[in-house]
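Remember, the working numbering sits 47 above the position in the sequence shown when you count from 1.
Bear in mind the hints are in silico, worked out from the structure with no lab data behind them.
Keep in mind that the hints are not guaranteed to be accurate.
[What the hints assert, rightly or not] For lysine-lysine, the following BS3-like pairs were computed, each having C-alpha atoms within a straight-line distance of at most 27 Å:
| # | residue 1 | residue 2 |
| --- | --- | --- |
| 1 | K80 | K121 |
| 2 | K65 | K80 |
| 3 | K121 | K227 |
| 4 | K121 | K193 |
| 5 | K193 | K227 |
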Amino acid sequence: MILLPRVGSVDFWDETRKAGAWLSEDRFVVVPKNLSHQTTAPRRGHEHLAIYATDDQLARMEPRLGSLNRVRAKLNTPTFFAMSREMRSLLSLCQAGDPDDLAARSARSYLVAALLINCLSRIERNDHVSTSNPGSHGDALVTEIKCFIQDNAASDLSLDLIASAFGLSRRHVTRLFREKTGMTMSEFHEQERIVRARQLLTETDLSVGEVAWRIGMESGSALARMMRRVAGITPTAARRHGPI
């Protein structure tokens, strides 16, 4: 099996390792058949694609691709490989469209085949990457926390809620986020709200009060106070200034 994350990261475990390895969007993992494994996503909204390539399928591909013996030799150990930009584009296309649409399903089968060929090419070239160390695990976790905040920027996000969502203590998640970003989660949340507010102010004719409501603020005056304090600009000036 080849496991490719499209949105978000997962903590990947298998029976050969004592600790999990972080599988993020920039890599994929080859999982040998009959190997017990487990994945855990730290946030909702995670998406991934699993491609099951059988020996018969590989044999049918060899007349077009040439011998895959070097690839087969590398399919017996769980290994991480780098994803290319082209592979990420193919992966997005594979999971786009209506799953019940006949034309989309037909096109998807060709896209998956193209993605599989790209994976096999990476495997054959031995373009593997090391499994995550504790430092990169923390980086990936903070990236997931940032995505969680961005996805829920219009909601009230308490420290308890974020810590619970990621299975961390309040102290750990606070320290880790500040260590990796130089700011608190509350500060990052405010920045995201301001980014959304400025987009709405410059791209729509919505009133300041309506913009405030859409980003989860209680009033236009509350939005104005936050923007002056954090960004040094008022909603009216931001609208006049134009896109960021």
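We went through each hint and held it up to the structure:
1. K80 x K121: holds (12 Å)
2. K65 x K80: It holds: about 19 Å lies between the C-alpha atoms, which stays within 27 Å.
3. K121 x K227: violated (35 Å)
4. K121 x K193: violated (35 Å)
5. K193 x K227: Roughly 11 Å separates the two Cα atoms, so the pair holds.
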